[in-house]
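Same order as they appear, the protein sequences are chains Z and B.
Residues in the first sequence are numbered consecutively from 0, following numbering that gives the first Met the number 0.
Residues in the second sequence are numbered consecutively from 0, following numbering that gives the first Met the number 0.
These aren't lab readings, by the way, just hints derived from the structure by calculation.
Computed from a predicted structure; not experimentally measured.
Think of the CB as a built atom: it goes at the ideal place given N, C-alpha and C, for glycine as much as any other residue.
Stretches of chain B that chain Z covers, calculated by requiring three or more beta carbons in the stretch to come under 8 Å of a beta carbon on chain Z:
| id | segment |
| --- | --- |
| 1 | 9-16 |
| 2 | 26-38 |
| 3 | 57-67 |
| 4 | 91-99 |
There are 2 protein chains.
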Amino acid sequence: MAADYVPAPEPVARLIEAFNRLPGIGPKTAARLTYHILRAPAEEARALTEAVLAVKERLRYCSLCQNITEHDPCRFCQDPQRDSSAICVVEEPLDVLALERTRGFKGLYHVLHGVIDPMDGIGPDELKIRELLARLRDGRVKEVVLATNPNLEGEATAMYLHKLLAPLGVKVTRLARGLPAGGDVEYADEVTLARALEGRREM
Amino acid sequence: MAADYVPAPEPVARLIEAFNRLPGIGPKTAARLTYHILRAPAEEARALTEAVLAVKERLRYCSLCQNITEHDPCRFCQDPQRDSSAICVVEEPLDVLALERTRGFKGLYHVLHGVIDPMDGIGPDELKIRELLARLRDGRVKEVVLATNPNLEGEATAMYLHKLLAPLGVKVTRLARGLPAGGDVEYADEVTLARALEGRREM
Numbered sequence: 000m001a002a003d004y005v006p007a008p009e010p011v012a013r014l015i016e017a018f019n020r021l022p023g024i025g026p027k028t029a030a031r032l033t034y035h036i037l038r039a040p041a042e043e044a045r046a047l048t049e050a051v052l053a054v055k056e057r058l059r060y061c062s063l064c065q066n067i068t069e070h071d072p073c074r075f076c077q078d079p080q081r082d083s084s085a086i087c088v089v090e091e092p093l094d095v096l097a098l099e100r101t102r103g104f105k106g107l108y109h110v111l112h113g114v115i116d117p118m119d120g121i122g123p124d125e126l127k128i129r130e131l132l133a134r135l136r137d138g139r140v141k142e143v144v145l146a147t148n149p150n151l152e153g154e155a156t157a158m159y160l161h162k163l164l165a166p167l168g169v170k171v172t173r174l175a176r177g178l179p180a181g182g183d184v185e186y187a188d189e190v191t192l193a194r195a196l197e198g199r200r201e202m
Numbered sequence: 000m001a002a003d004y005v006p007a008p009e010p011v012a013r014l015i016e017a018f019n020r021l022p023g024i025g026p027k028t029a030a031r032l033t034y035h036i037l038r039a040p041a042e043e044a045r046a047l048t049e050a051v052l053a054v055k056e057r058l059r060y061c062s063l064c065q066n067i068t069e070h071d072p073c074r075f076c077q078d079p080q081r082d083s084s085a086i087c088v089v090e091e092p093l094d095v096l097a098l099e100r101t102r103g104f105k106g107l108y109h110v111l112h113g114v115i116d117p118m119d120g121i122g123p124d125e126l127k128i129r130e131l132l133a134r135l136r137d138g139r140v141k142e143v144v145l146a147t148n149p150n151l152e153g154e155a156t157a158m159y160l161h162k163l164l165a166p167l168g169v170k171v172t173r174l175a176r177g178l179p180a181g182g183d184v185e186y187a188d189e190v191t192l193a194r195a196l197e198g199r200r201e202m
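All chains should be modelled from the sequences, with the hints used to inform the complete structure.
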């Protein structure tokens, strides 16, 4: 919006607009980024454009887990050290990185690339669910860990997948809910606290 | 930092790093932007890279006012409708856009491209002050409006310029200080309120 009122040179207005189109970047931040690029060394600008192009040109989806990868199958799917009897289902590639950082999961992943969201017109067919079912066909996978986000759409998607997968004889689990590390009982929201109570464990 | 721990494909890690280098963009936002680019249509990514390159290739500084421009002299400096007897001195090109939006100034501009900041090793010679003095040489400019930011460095730069320009016989003015529109006396900081009092005007 604001970019329209700005009597800036055309290339400036165009870059402000391009930055502004990125998620979470408003017109003011877009203007700041643009002026940063203007003043930055040419190599920094070139590094940015080349990195953008490389991401579009060199990456694809792994034909097995649908995660983004340079080589198909991806390094998780072709790693013999990973436990191929467990698949962790996530919404987005970023979730894989978050889970890997915990070093707590040694199985394989499956990226849905979204969640069921009727408000946005996204049904099960828009997600990589068919591809997940194909991976379960040979019976080698014993457990599917549902790691969708703990919000409305994530829960709905987990419920849908649970109904779909349970009849296949695979164990379907869900990430635990409870108090976050460093959290505070006093300030925890009701839902989180209720879930923490439900899921209480003997010490 | 965070990007180092991420077992992401190399192009992803590289784009996260490139976004992370932009001002105000931390590793998490950089990751989000990267995944946005991954999923965005190829045209959106191309529009961004072309806009970045256009800004670096097609823009230069106006040889008169030092503002960024596609054509030298810039459209302000070559506009006969502008009042060439007044020059408004600003820190950055963004400031010109902000002032233009007010439609309150019909003169020309001069962009310093920074402020005097000894902590950062930026002295008067690093700014476009020589170029400003050159514009005052023929005596056609009657007023210089100092519109540097109302902070320590901006004030110091304005003081420096005032001392430098006053002996040349040009009128040197400074943007007024006072309560911002929509502001609140009760919540105004002391300095702002003191300035508003000092600058009070008869109604």
